[in-house]
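Visitor: Sequence:
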Amino acid sequence: MTASPAFFARRTTFSFAPPVDDAAAWALEPDDFANRLLQAFPDAETWSEGAAGPLSRGGLGLGLGFELPLDGGDRLEGLVSNPFPEVGVVMVVHATAREAAVLARWLRDHYAPSPDLVHFTSEWALERDFTQYGCVPATGGLSDIARVLQAHLDEVADCA
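Quick note: the sequence shown, position 131, residue 133 per the working numbering, numbers continuous.
Everything labelled a hint here was simulated from the structure, so no lab data went into it. Treat the hints with care, since some could be wrong.
To be verified - Computed beta-carbon distance windows for the label pairs: (1) P115 <-> E79: 24 to 30 Å; (2) G75 <-> D160: 31 to 37 Å; (3) E88 <-> E157: 29 to 35 Å; (4) C161 <-> E69: 27 to 33 Å.
Glycine included, each C-beta is placed from N, C-alpha and C at the ideal position.
Produce the complete structure using the sequences and hints provided.
Guide: As structure tokens, this is what we get:
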């Protein structure tokens, strides 16, 4: 099924994380994430969002904001939430499926220790009580990932 071009303009927050049953699979650590992101995207920016999450009082739960350059001069804004050591989620805010695919591909190819460890959902899905996580394809390019993210949005729209 091919989505209409109008659907590619739908914006939402996409959340990327390891599988629920292996939440520490990425060994997510905000400083390491920031360093690797800045190496991959030299024009990116990162900043501390300070303590966040259930361990924030002990200084362990951390947040990291970031912006990535996209083609055409646009920027993709995101947030890393690391509420427990090595556990967290990476979100892109107000993004289309194609924009979110840029980060998803980088996570799959350069951050996650295995390409089958990048799962996702969207704010749109969670608002509609759609709790099934999708998996970023283990192979394929930006267009392939964007199609999977878009299919997720289309499926959620059909469930509304």
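Visitor: Hint by hint, say whether it matches the structure.
Guide: Status of each hint after checking the structure:
| no. | hint | verdict |
| --- | --- | --- |
| 1 | P115 <-> E79: 24 to 30 Å | 26 Å, holds |
| 2 | G75 <-> D160: 31 to 37 Å | 34 Å, holds |
| 3 | E88 <-> E157: 29 to 35 Å | 31 Å, holds |
| 4 | C161 <-> E69: 27 to 33 Å | 32 Å, holds |
Consistency with the previously given hints is maintained throughout, with no hint failing.
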